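Chain order of the listed sequences is A and B. Numbered by the working numbering, the letters in the first sequence go through residues 1 to 266 in order. Numbered by the working numbering, the letters in the second sequence go through residues 1 to 397 in order.
Derived from the structure by calculation, the hints contain no laboratory data. Quick caveat: nothing in here was measured; it's all calculated off a predicted structure. For glycine and all other residues, C-beta sits at the position ideal for the given N, C-alpha and C. Be aware that one or more of the hints could be misleading.
[Stated by the list, open to error] These stretches of chain A come out as covered by chain B in the derived footprint (C-beta under 8 Å, 3 or more residues): (1) 65-79; (2) 111-117; (3) 189-197; (4) 207-216; (5) 224-232.
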Amino acid sequence: MDNAKTQNNGERNYERRNFVKTLLFSFASLLVPNLTGAQEKLKKAQAWILGNGDNPEEHNWGMGVDISKCIGCGRCVEACKNENGVPREPFFFRTWVERYRILEDGETLIDSPNGAMDSFTQDASDKNVLRSFFVPKLCNHCDNPPCVQVCPVGATFKTVDGVVLVDSEYCLGCRYCIQACPYGARFLDPVTRTAEKCTFCYHRVVKGLLPACVEVCPTQARIFGEVKKKSSPLMRFLRMNKIGILKPSMNTEPKVFYANLDKEVR
Amino acid sequence: MDEIIKHLTPLLKEITGYIYPNEIELHWGLLVVVYPYVTGLVAGAFILASLVKVFNVKEVQPTYRIAMLTALAFLLVAPLPLLAHLGHPVRSFEIFLTPNTASAMAMFGFVYAWYLMAVLLLEIWFDYRRDLVAWAAQEKGWRKWIHKIVSLFSTDISERALSFDKKAVKFVTVIGIPSAFLLHGYVGFIFGSVKANPWWSSVLMPIVFLFSAIVSGIALVLLIYMVVTPIRSKAIDIKCLDKLASYLFYAMIVDFSLETLDFIHRIYESEESIKILAALVSGKLFVSLIVIQLLIGMIVPLGAIAAVKLFRVPEELRKLVYFVSALLVQVGIFSTRWNVVVGGQLFSKSFAGLTAYKMTFFGLEGLLASLGLLLLPLLILYVLFTILPPWEEARTA
Numbered sequence: 001m002d003n004a005k006t007q008n009n010g011e012r013n014y015e016r017r018n019f020v021k022t023l024l025f026s027f028a029s030l031l032v033p034n035l036t037g038a039q040e041k042l043k044k045a046q047a048w049i050l051g052n053g054d055n056p057e058e059h060n061w062g063m064g065v066d067i068s069k070c071i072g073c074g075r076c077v078e079a080c081k082n083e084n085g086v087p088r089e090p091f092f093f094r095t096w097v098e099r100y101r102i103l104e105d106g107e108t109l110i111d112s113p114n115g116a117m118d119s120f121t122q123d124a125s126d127k128n129v130l131r132s133f134f135v136p137k138l139c140n141h142c143d144n145p146p147c148v149q150v151c152p153v154g155a156t157f158k159t160v161d162g163v164v165l166v167d168s169e170y171c172l173g174c175r176y177c178i179q180a181c182p183y184g185a186r187f188l189d190p191v192t193r194t195a196e197k198c199t200f201c202y203h204r205v206v207k208g209l210l211p212a213c214v215e216v217c218p219t220q221a222r223i224f225g226e227v228k229k230k231s232s233p234l235m236r237f238l239r240m241n242k243i244g245i246l247k248p249s250m251n252t253e254p255k256v257f258y259a260n261l262d263k264e265v266r
Numbered sequence: 001m002d003e004i005i006k007h008l009t010p011l012l013k014e015i016t017g018y019i020y021p022n023e024i025e026l027h028w029g030l031l032v033v034v035y036p037y038v039t040g041l042v043a044g045a046f047i048l049a050s051l052v053k054v055f056n057v058k059e060v061q062p063t064y065r066i067a068m069l070t071a072l073a074f075l076l077v078a079p080l081p082l083l084a085h086l087g088h089p090v091r092s093f094e095i096f097l098t099p100n101t102a103s104a105m106a107m108f109g110f111v112y113a114w115y116l117m118a119v120l121l122l123e124i125w126f127d128y129r130r131d132l133v134a135w136a137a138q139e140k141g142w143r144k145w146i147h148k149i150v151s152l153f154s155t156d157i158s159e160r161a162l163s164f165d166k167k168a169v170k171f172v173t174v175i176g177i178p179s180a181f182l183l184h185g186y187v188g189f190i191f192g193s194v195k196a197n198p199w200w201s202s203v204l205m206p207i208v209f210l211f212s213a214i215v216s217g218i219a220l221v222l223l224i225y226m227v228v229t230p231i232r233s234k235a236i237d238i239k240c241l242d243k244l245a246s247y248l249f250y251a252m253i254v255d256f257s258l259e260t261l262d263f264i265h266r267i268y269e270s271e272e273s274i275k276i277l278a279a280l281v282s283g284k285l286f287v288s289l290i291v292i293q294l295l296i297g298m299i300v301p302l303g304a305i306a307a308v309k310l311f312r313v314p315e316e317l318r319k320l321v322y323f324v325s326a327l328l329v330q331v332g333i334f335s336t337r338w339n340v341v342v343g344g345q346l347f348s349k350s351f352a353g354l355t356a357y358k359m360t361f362f363g364l365e366g367l368l369a370s371l372g373l374l375l376l377p378l379l380i381l382y383v384l385f386t387i388l389p390p391w392e393e394a395r396t397a
């Protein structure tokens with residue numbers, strides 16, 4: 001009698017367990033189409049990259065900028081806008097050039113009219129300038145990127161080869177990443193309403209081409225390449241120059257390296 | 001797109017110094033000011049309600065259910081401003097399905113769902129269950145059915161069931177207090193953890209948010225109680241009011257001390273950003289920070305309540321002072337949210353210049369939409385008051 005009861009109980013427990021299991025599985029199935037969706041997409045992206053004969057595992061991309069070589073012509077800005085379809089209005093830039101003028105009285109004038117796309121003009125008030133230089137800016141493709149950390153859905157991510165990208169089909173447009181970037185490198189695309197930024201021209205890089213800004217620079221102030229391969233031009237640049245990074249106190253570990261960086265540069 | 005360009009172009013003239021070119025568009029506008037203001041009211045109202053259940057403060061009993069329903073009404077509206085400000089609101093469900101666990105913002109869905117489902121709804125249900133059953137038994141027509149449905153068709157009002165209800169309410173409240181801290185502390189963390197922004201980045205931020213939330217929540221419940229009671233032609237319980245005002249006063253003292261500590265700490269540390277922040281506070285934020293938040297929203301009501309407590313003034317004057325103080329506190333706390341959210345975006349991360357914010361009137365991010373979002377919870381509250389009368393005389397035992 002007792003035995004029969006426990007057996008009965010056992011059966012009931014089994015039934016209950018099965019019920020809970022089914023319930024959990026059916027709830028989980030809600031997530032499945034989405035998960036497979038993301039995986040499919042990743043596979044597609046991988047196939048595309050590998051189809052170009054590029055293995056991301058073999059690279060870690062970075063950029064060097066020699067401030068003493070930059071003449072502020074703004075051709076990089078123009079090339080970037082053309083290459084990447086960045087809106088031409090003066091509020092959206094993947095790269096821009098800043099002009100620093102340090103006056104004799106110690107005051108520093110910084111400007112970047114239209115991101116320097118139309119270069120700079122010498123204005124009449126330009127007197128007693130102690131020194132002056134141009135600083136190209138872009139996404140630093142940080143190794144410890146605050147933007148990637150804060151994205152609520154993981155729409156912005158670091159690729160295997162060290163480039164920070166945004167999936168515009170996934171981005172919610174919450175703009176937390178724009179707030180988190182210490183360099184002002186991000187903006188909200190007015191057309192797609194998603195976060196946008198420099199990609200190191202990833203679509204070119206995987207084909208073995210250089211980023212558009214590097215390609216057009218007439219003075220070779222920008223050097224693109226591998227951060228860790230000894231033979232790369234970037235490594236040579238890092239060996240031969242005194243190197244600075246922007247806002248080192250942020251611990252973002254930028255991969256855009258500046259030679260001849262002045263203390264005034266923000 | 002043309003609209004955005006049209007909006008941004010005149011702002012070019014408002015810039016002083018140098019800002020990064022991408023910084024002209026101010027990304028978190030009025031809607032994101034409304035969001036922490038509303039969640040703050042939720043957390044504050046709930047904490048006031050829990051005084052009754054956990055700390056047995058009998059005097060504020062008349063406001064217990066009002067506070068709970070207020071918290072619910074505002075919580076229901078809380079996600080709307082966030083949703084409205086997204087570039088792609090339709091994709092918002094991704095926060096639940098594929099959250100990035102490293103992101104503070106990704107926790108929003110879970111914190112919100114937990115607070116709504118595991119705290120507020122549960123506590124309200126257990127607290128009201130006995131009355132719901134009784135109401136459903138007495139009433140006819142749609143009210144009977146609504147109460148039946150809301151009670152989830154429970155009918156058991158035996159001694160045992162009722163004592164379980166009581167225990168459950170207490171248990172949920174005990175869980176609810178840390179949850180309310182979590183709900184609003186989390187909002188503070190969203191801002192406080194942005195290291196790129198020196199105006200936000202502060203470990204005190206969640207705590208300051210929390211205490212300002214308690215301040216605003218108590219003040220709101222006090223206002224609602226003072227408005228609703230005469231409308232129902234009932235007498236205001238002055239003992240309850242005195243107690244509410246006292247708690248408001250204590251919460252404000254803590255809030256004020258924290259904000260002062262933050263202020264002194266910033267000046268004393270005098271970090272790289274101090275010059276641009278000083279320019280911000282003495283310039284673009286002077287009216288909203290020094291005049292409205294500090295003077296009108298904090299010092300005047302603090303002084304008024306203190307004066308009323310010190311000198312035994314007549315009841316009617318006391319009521320007037322409490323009411324006006326609570327109103328000023330609301331203005332002050334809204335201003336606090338504004339100064340954090342908008343203020344944090346009015347200077348460039350180059351620390352070399354100031355930007356500008358121009359509010360629009362129409363459109364999702366405009367003034368009209370935000371006013372609507374602030375009135376909506378009051379409308380919901382009216383409906384809740386009708387379905388679940390929170391008045392003492394409506395109790396069945």
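Here's how the hints hold up against the structure:
1. 65-79: Coverage by chain B is violated here, the residue count being 0 at a Cβ distance below 8 Å.
2. 111-117: This one holds; 4 residues, not fewer than the three required, reach chain B with a Cβ under 8 Å.
3. 189-197: holds (count 5)
4. 207-216: violated (count 0)
5. 224-232: Answer violated; 0 residues pass the 8 Å Cβ test.
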